[in-house]
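Peer 1: Protein sequences, first through last, are from chains A and B.
Numbering of the first sequence is given in this note's numbering, commencing with residue 235 and proceeding in unit increments.
Numbering of the second sequence is given in this note's numbering, commencing with residue 235 and proceeding in unit increments.
Any given hint could turn out to be false.
Put simply, identical chains are the same to the list, so a pair is met inside one copy or across any two.
Below, a list of computed lysine-lysine pairs in the DSS-like style, where the Cα atoms sit at most 25 Å apart [unchecked claim]: (1) Lys-518 x Lys-595; (2) Lys-595 x Lys-349; (3) Lys-518 x Lys-585; (4) Lys-585 x Lys-595; (5) Lys-349 x Lys-518; (6) Lys-428 x Lys-518; (7) Lys-349 x Lys-585.
The hints are simulated quantities; they were obtained by calculation from the structure and are not laboratory data.
Number of protein chains: 2
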Amino acid sequence: MPLPADACAEGEAAAASRKTEPDFHLTDSASVHPADIAAHLENLSLEGQVSALSRMSTEDAAEVLVELDESVAVDVLESLDRDMAAQIIAEMSPDDAVDVLDELEDEHRDALLDKLDREDSEELRTLLNFDPDTAGGVMNTEIILLETHFTVDEAIAHIRSEMADKESPYYAYVVDSQHILMGVLSLRDLMLAKPGTVVGEAVAGQNVISVTHDTEQREVASLLSHYNFLAMPVVDTEGHLMGLVTYDDIMDIMHDEASADMLGMVGADPEESVDTPWVESVRKRLPWLFVNMLNSTLSAFVVYMFEGSIAQMATLAVLMPMVANQAGNTGQQALAVMIRQLATDRFDQKKAWMAVLREGKIGMVTGLVMALTAFAGAGFFTGHMGMGAVMGGALLCDMLLGAVAGGSIPLVFRALGRDPAQASSIFLTTITDGAGFFIFLGMASLFLL
Amino acid sequence: MPLPADACAEGEAAAASRKTEPDFHLTDSASVHPADIAAHLENLSLEGQVSALSRMSTEDAAEVLVELDESVAVDVLESLDRDMAAQIIAEMSPDDAVDVLDELEDEHRDALLDKLDREDSEELRTLLNFDPDTAGGVMNTEIILLETHFTVDEAIAHIRSEMADKESPYYAYVVDSQHILMGVLSLRDLMLAKPGTVVGEAVAGQNVISVTHDTEQREVASLLSHYNFLAMPVVDTEGHLMGLVTYDDIMDIMHDEASADMLGMVGADPEESVDTPWVESVRKRLPWLFVNMLNSTLSAFVVYMFEGSIAQMATLAVLMPMVANQAGNTGQQALAVMIRQLATDRFDQKKAWMAVLREGKIGMVTGLVMALTAFAGAGFFTGHMGMGAVMGGALLCDMLLGAVAGGSIPLVFRALGRDPAQASSIFLTTITDGAGFFIFLGMASLFLL
């Protein structure tokens, strides 16, 4: 638990005291952060969670619900009294509400939406229509808008009157009479501007950076991080401002996307976590295990071609997996470096192939070191220097191949329009196993038998 | 390149026009974002980068330098005129300056620090003493401080006068006369507070969340994301406020940490990228390749024990790698899920072992499906149903073992105080290879020969 010890202790003490003092309020000055309450609730049973949330004000309950793991939040919402659930949804910011509603059963979701006032329910229904993986699916629609004719002082007054209702008033967006996005001003810009400045002039000629509603959230994350923005405006194809994606949504996405590559690489679902139902995981992993089986059948066929050689010299079967395993690991190291690189921006074609060349050099040198080690080792243990030479030669060739293949596979996948990480490790193993067995057994058949 | 097409085009047009109009200024209203200029500069030669930066104002150059890849920034800084380099360093925020200075040769760094005014150079020297992986190493020391007796209006006036010099005035920190951190107020809190409120009272009883200077940056990132804070205050062991870690430093760290696990898992350095000098990569990867070699020697020894069986029946050598490979992939899927989970917070001992149980179930069911497939396949191709039965049985046992081992290895590593990801894939392969060969060859020797 990465909390400072005292914060943690205070959080637990407050949570504990709440059990005996049901009228404890989050808005008290000695407040506990909603994220800590959520962490505490996650250790309770569903009944405990529901009863704790029922005793909070709807504002507080909404704040805590946002911080719960999505699967827990959905369970709680389904078990709560429907009127209470609808009131909590109404208190949540639209982007957070949509995240949870998206996971509910259709029938339940419609029932909750029907209980909201018309404006809120229409807004949420619109947002629910966006693909959850796009900017439209994660955007927040509560924006502070400034008209071009406002002075800086009018703008500040307007923001002060509006900000209590808006999630994140870091920036105010300037739109023209057609609601087209003209520019962005931070609170800081406004506070530092000369009184009397008109906001339309302050943003004149500004090169506003925005995304369209169908931009993938991974790309939004990468842009937000590239520019160090706190929020990214989302526009439709005509440039009308639709909403904002804020840094807090993006922090979670960035973290997930980066570790998703690790799961994809070995043929697991990038969204899988220990909370995924195990039957679901079986369903998602099995197809890749079949691919892996098919691929290893190819390697088995290579070995089968040399069945005769192995029958003559069983030591070959002893050393053969070592060659393939070592090349496989070399290739996986190259694979991991390239997948990470492709997940960041600014990576052009030329640099990509330079990176493959770099892996080639690494494979050559590490292969040479391992080949000499294997030559000495295999020669010593089998007492047969020819075997050592074949083992070393095969290791060098296969490790070089593994490094180049590991570096290239993500690039080839990307060129084919596929996810660079998806099951890349499985295809790499096919290459290093197949080639490793073929080179080692082939050289042994030629030179030793 | 994940930029919206028009932003990109404008950026490049502006960059191109700058070449012919050397007095183009970044502070013009039609400005290009420093991050885009940096991306453009990274495609130039070192001479081009140095000459472009020399033509900018030191403020602009400082903004661009922060956005460059660290290795590029270091090269540029070493090639720039030293006086100019020192002026740029002076313009950078201290946390960014320290990041670059940390990478310079000692002699060069000292020369630059000597050119700064005394206050700046002392501050930077202090910051350079912190471990770069801790809160102290990434913190920013330019903070807006409020004294407890300020009224809200005095606080706003104070912030407006100070904010031009500070990096990120999202929050103002309230300290007592001893400089002990008492509370935090956001600009929003201040703007919404009743005029005349005294800040000391506004924060009374606040449960301030802070980290100490020696907190690992990974933990700071996790806390910042947990609480959705824009900045985390850093205090010394007595609670004196020392600095702030802001969200923009943390976004980069979070992204790196998550993908670092993927590299660590296969025995590459978690910091490695395609820009790492290849000789450096060889040095970092070789030790793990030796460990892998040693581990695969163990598996080879298992096969060696059954050399006689293989000499009698060479088909065993054909099918043996398939068993190990399939179990290895199953284990890696479990490994990736567990490593991702350990990288997020809120993961207790009980939940961890429930997760291993979950992997066991998945291994059992996928193992059963694959065993039946292998039974049919091996029986059909070898025309020997006994071989199919041995293959299927070995596959089921080894895949179950692989799933449980993949789920447990990260937990065991963590319990031993090691990084759950580091080289976990190598140790997993040892288990699945060794056990796979043993079970398959052992069962074959018992039942088929």
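Peer 1: State for each hint whether it applies.
Peer 2: Now for the hints, and whether the structure bears them out:
| no. | hint | result |
| --- | --- | --- |
| 1 | Lys-518 x Lys-595 | between (37 Å within a copy, 14 Å between copies) |
| 2 | Lys-595 x Lys-349 | neither (65 Å within a copy, 41 Å between copies) |
| 3 | Lys-518 x Lys-585 | between (34 Å within a copy, 22 Å between copies) |
| 4 | Lys-585 x Lys-595 | within (15 Å within a copy, 44 Å between copies) |
| 5 | Lys-349 x Lys-518 | neither (36 Å within a copy, 60 Å between copies) |
| 6 | Lys-428 x Lys-518 | neither (59 Å within a copy, 56 Å between copies) |
| 7 | Lys-349 x Lys-585 | neither (55 Å within a copy, 37 Å between copies) |
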